[in-house]
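S.K.: Same order as they appear, the protein sequences are chains A and B.
According to my numbering, the stretch in the first sequence is residues 531 to 846, in order.
According to my numbering, the stretch in the second sequence is residues 531 to 846, in order.
Calculated from the structure, these hints are not laboratory results.
It is possible that part of the hints are untrue.
Repeated chains share a single entry, so a pair holds when one copy, or any two copies, can fit it.
Claimed, not checked - Derived pair list, reagent style DSSO-like, types lysine-lysine, alpha-carbon separation capped at 27 Å:
{"#": "1", "residue 1": "660", "residue 2": "739"}
{"#": "2", "residue 1": "699", "residue 2": "660"}
{"#": "3", "residue 1": "627", "residue 2": "739"}
{"#": "4", "residue 1": "605", "residue 2": "677"}
{"#": "5", "residue 1": "827", "residue 2": "552"}
{"#": "6", "residue 1": "748", "residue 2": "728"}
{"#": "7", "residue 1": "677", "residue 2": "712"}
{"#": "8", "residue 1": "699", "residue 2": "786"}
{"#": "9", "residue 1": "786", "residue 2": "677"}
{"#": "10", "residue 1": "739", "residue 2": "552"}
{"#": "11", "residue 1": "807", "residue 2": "660"}
{"#": "12", "residue 1": "807", "residue 2": "708"}
{"#": "13", "residue 1": "748", "residue 2": "627"}
{"#": "14", "residue 1": "699", "residue 2": "672"}
{"#": "15", "residue 1": "605", "residue 2": "739"}
{"#": "16", "residue 1": "627", "residue 2": "703"}
{"#": "17", "residue 1": "605", "residue 2": "786"}
{"#": "18", "residue 1": "552", "residue 2": "786"}
{"#": "19", "residue 1": "823", "residue 2": "593"}
{"#": "20", "residue 1": "631", "residue 2": "739"}
{"#": "21", "residue 1": "597", "residue 2": "672"}
{"#": "22", "residue 1": "552", "residue 2": "748"}
{"#": "23", "residue 1": "708", "residue 2": "823"}
{"#": "24", "residue 1": "597", "residue 2": "748"}
{"#": "25", "residue 1": "627", "residue 2": "815"}
{"#": "26", "residue 1": "807", "residue 2": "593"}
{"#": "27", "residue 1": "703", "residue 2": "660"}
2 protein chains.
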Amino acid sequence: MSTIIVPAHATSITDDVEQLHKAFSGWGTNEKLIISILAHRDAEQRKQIRETYSATHNEDLLKSLDKELSNDFEKLVLLWILSPPERDAYLVNEATKRWTKSNQVVVEVVCTRSSHDLLLAKQAYHARYKKSMEEDIAYLTKGDFRKLLLPLVATCRYEGSEVNMTLAKTEAKLLHEKLDDKCYNDDDLIRILTTRSKFQINATLNQYKNIYGEDIIKELEEDSKDEYISLLRATLECLTYPEKYFERVLRLAINKTGTDEGALTRVVATRAEVDMKVIKEEYLKRNSVPLDKAIAKDTRGDYEDMLLALIGCVDE
Amino acid sequence: MSTIIVPAHATSITDDVEQLHKAFSGWGTNEKLIISILAHRDAEQRKQIRETYSATHNEDLLKSLDKELSNDFEKLVLLWILSPPERDAYLVNEATKRWTKSNQVVVEVVCTRSSHDLLLAKQAYHARYKKSMEEDIAYLTKGDFRKLLLPLVATCRYEGSEVNMTLAKTEAKLLHEKLDDKCYNDDDLIRILTTRSKFQINATLNQYKNIYGEDIIKELEEDSKDEYISLLRATLECLTYPEKYFERVLRLAINKTGTDEGALTRVVATRAEVDMKVIKEEYLKRNSVPLDKAIAKDTRGDYEDMLLALIGCVDE
């Protein structure tokens, strides 16, 4: 469900590297050329481009881009060039460097990636930062936030589709009891959210609907001025309806007075090759405006062009 | 530092498989033959033997062994035949099935394995039990036990040798303060034990010694009648001095009125190819009796022979 458009007969990696090198030389930088190449290569091709560039020009492509580009466009291109695990490691590390209780990037990364991809991100974190994601998150957080975030980051969830329906019923009742008493930091509530498989949690949420006629995520919405409850809600949404979560992040980023480019850049760079098609459908359904129109209205220049290319809208 | 003796010119895997098959047929089982093969093949060879056996005789070697052998000898051979990740998954699952607060097997497995080996064990757990180690541990435990065990099981620790000495000093002071106040379930104490790298924790323990002239592990020993404190102590020991921990488990297993065969079997099967040489040295130092003499005194028959072969003592 990737939205990037990769030409069926792409030029060779060597040609791409030479074109990029050319884009950096002479008077000024040729941003159009950079977009026309990088926005239309998949993760494996970008990896090869980066390797070949480094071998041929004796400099990391990231460094060359860093010298040539600037502002939001640069941030988007750099995030896009990183491999998915490096990118996730970087996003979590950035979140820890500017830690605030309202930051939901960590929950987003650890709850929307597969166990395998999260593991690769952790290994990339070890390699780059010489410490673990877990210790940074645990060190920075306190109280309820740590109680929720540490196991959320640490757990390696089962990914099979088997579901225990009896357990789903029991745990739906347990969740209802705790939410009814407003015990949002209850040990068992956190245990369920942080350790059960996504399929199992989904079954539990369905049982909740069947028994109580209510949607947990919506219930949490009402209290969402509280940062911790907001995080709980993001956790459940990322685990069970990631595309709805991402639609909301995009909506809030775009509808803000002054766009939240950080969020927009992050969601486009991380989801373009994953589920951006579904996110676009969700966006249209919820806002009655296509995502590309909304982005085009709110952004400009190379940044706009690159975003639109990544979500699959290219003027030909 | 493996203690098993693998012949330099081993017979072929096919020959091993035929010999094993022969050992099971005719009147009675030829246990000596089984020991002479299986106790002298490394993990990779045993894996190939199991695969070839299954392909040739249309039955899992584990099943054939299960039919032919019995009691402690059977348990040891079966544990030995499992691949290390399957074995760890099995041990943790067995611990969850007979859960008691004094059970330290989970701490032993998650704290003495490398991050990579623990990850493989988790994957084996997913594959075999269709759920995660984390959810089983979290489901079974409560209060302080869960608070310590869940992140201990879940965390993927950094394994590089870099150490932050300033942090080690700060956290040594923090640990001292908490232990002084007998706050054994303190959030930060648990955070340090469950998320820092083994090298970092070792540095913190050394700083603790330097500043306060005391050894945390020994301090915890004084209070070790409490099951939770005992678990804290096992955690620290497994993280920093696994060979001392295993020496103690063996000592207690052997010196009991009535040997604790479960513990003896587990330690020999899991450590023979890892650090049994060092554990033997520790054992001799602490008990003034070589481990093989102690085992020979306490066990008999094929079980004894197999144990001795695995710790590298074979009558020739």
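S.K.: Give a verdict on every hint.
M.R.: Taking the hints in turn, this is what the structure says about them:
no.	hint	verdict
1	660 to 739	between (44 Å within a copy, 25 Å between copies)
2	699 to 660	between (42 Å within a copy, 19 Å between copies)
3	627 to 739	neither (39 Å within a copy, 32 Å between copies)
4	605 to 677	neither (32 Å within a copy, 39 Å between copies)
5	827 to 552	neither (31 Å within a copy, 78 Å between copies)
6	748 to 728	within (18 Å within a copy, 42 Å between copies)
7	677 to 712	both (16 Å within a copy, 21 Å between copies)
8	699 to 786	neither (40 Å within a copy, 45 Å between copies)
9	786 to 677	neither (31 Å within a copy, 40 Å between copies)
10	739 to 552	neither (58 Å within a copy, 60 Å between copies)
11	807 to 660	neither (36 Å within a copy, 31 Å between copies)
12	807 to 708	neither (36 Å within a copy, 52 Å between copies)
13	748 to 627	neither (31 Å within a copy, 37 Å between copies)
14	699 to 672	between (32 Å within a copy, 20 Å between copies)
15	605 to 739	neither (41 Å within a copy, 47 Å between copies)
16	627 to 703	between (38 Å within a copy, 24 Å between copies)
17	605 to 786	within (20 Å within a copy, 64 Å between copies)
18	552 to 786	neither (38 Å within a copy, 77 Å between copies)
19	823 to 593	neither (32 Å within a copy, 63 Å between copies)
20	631 to 739	neither (29 Å within a copy, 36 Å between copies)
21	597 to 672	neither (39 Å within a copy, 54 Å between copies)
22	552 to 748	neither (52 Å within a copy, 66 Å between copies)
23	708 to 823	neither (42 Å within a copy, 57 Å between copies)
24	597 to 748	neither (46 Å within a copy, 56 Å between copies)
25	627 to 815	neither (35 Å within a copy, 48 Å between copies)
26	807 to 593	neither (31 Å within a copy, 49 Å between copies)
27	703 to 660	between (42 Å within a copy, 23 Å between copies)
The earlier numbered hints that this structure contradicts are 3, 4, 5, 8, 9, 10, 11, 12, 13, 15, 18, 19, 20, 21, 22, 23, 24, 25, 26.
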